[in-house]
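With the hints as extra help, turn the sequences into a complete structure.
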Amino acid sequence: MHGQRSDVGRRHTINEDTVVTFTFDKEQDRKTVPIGFYLIADGMGGHDAGNVASRTVYEVVTSTILNMQVLPDIHKATRKLGADVSGDLLKHAIQEANAKLQRQAQARGNDMGSTVTAALLIGHLATVANVGDSRTYLLRKGRLEQITQDHSLVARLVDAQVIKPEQARYHPQRNQIYRSLGQKGDLVVDTFTVPLERGDRLILCCDGLWSMVEERDIQQLVEQARTPQDACDALVAAANRAGGEDNISAIVVELV
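The numbering of the sequence shown is the working numbering, which starts it at 25 and goes up by one.
Think of the hints as simulated: they come from the structure by calculation, not from any bench.
Any given hint could be a false lead.
[What the hints assert, rightly or not] The list that follows gives simulated cross-link-like pairs (lysine to aspartate or glutamate, DMTMM-like), each with its CA atoms no further than 25 angstroms apart:
(1) Lys208 - Glu269
(2) Lys50 - Asp112
(3) Lys188 - Glu238
(4) Lys55 - Asp224
(5) Lys165 - Asp72
(6) Lys124 - Asp214
(7) Lys115 - Asp135
(8) Lys124 - Asp72
(9) Lys208 - Asp135
(10) Lys188 - Asp210
[Unchecked claim] Pairwise CB distance ranges (calculated):
(11) Thr37 - Asp112: 38 to 44 angstroms
(12) Gln130 - Lys165: 47 to 53 angstroms
(13) Val109 - Gly166: 30 to 36 angstroms
(14) Pro219 - Ala261: 27 to 33 angstroms
(15) Thr37 - Glu247: 30 to 36 angstroms
(16) Gln244 - Asn199: 24 to 30 angstroms
(17) Asn91 - Pro196: 42 to 48 angstroms
(18) Val109 - Arg265: 38 to 44 angstroms
(19) Glu247 - Asp53: 32 to 38 angstroms
All residues carry an ideal CB built from backbone N, CA and C; glycine is no exception.
Below, the structure written as C-alpha cells:
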C-alpha cells in the first residue's frame, strides 16, 4: 500500500516535480508476485524547462520499464525478476531518459535537467536507484535510514568531515549537485538492493521535503500517520509550515 503527494510549495508558481506510482501482480512459478514502481523526478532549468525535464524522465523511465521487462512477461512464468535484473533495468531506463534530455536541451538551446529517485519492488525485494539529491529512506522498527547517497557538494563535505551533517541543511551551497539527468557524457546511476520485511516503509522525496523537515520529524510524522497517504499529506504540510521554499514531493510505501 502506498500514498503520494506533490505540492508547488510557497515560493514558486510552477511545480517542476513529477511523481509516478503503479502496481500490479505478476504470475511467477505458479504464484502471484506483487510488483510496484515508484518514482520522483525533480526538474531543473529556466522557464518551463524543469517541468519538461521531470516529465520526460517519468515518461521515458516508465515506458522503458513496462515495454522492456515487466508487462510483456506478465503471463510468463519462465523469467524470474531479481535484484540483478531490476538494477540493470533501472539503470538502462534512467540512462535512456538522460539521452533524451540531452537531445531536448540541445534542440531547445537551454540547460535542462532532473534528479530522480526510483524504487522497483518485486515481492519483498526493493531495488532503489538515484541520480542527484532526491532521496529514498527506509523506516524499519523505529529506525530511519537513508538508502540513497546525495550527489551534491555538501554531501561530499560531510563525507570528508569538513562539515557536520546538521550543518549541511543550512550550507550556502546545499543546492549544488554534481550529477543529474541531462548532463553531458555518460551518466552513472547508483542502485541499491533492499530486502524488505513486513511493516517496512520506503519514503521517496525530493530536496524540497528533506531540506525543510528534519529526519527525526520525517520519521515521527510517518510513524504517527494512519495510512501512507496520511503520511505524505503530513510530510508536505510540514515542509510548507517550515517555509515551503521549493516544490515538495513524497511517496510512502508500506509493506503489509
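Query raised in the report: So which hints don't hold here, by number, going up?
Result: 1, 5, 10
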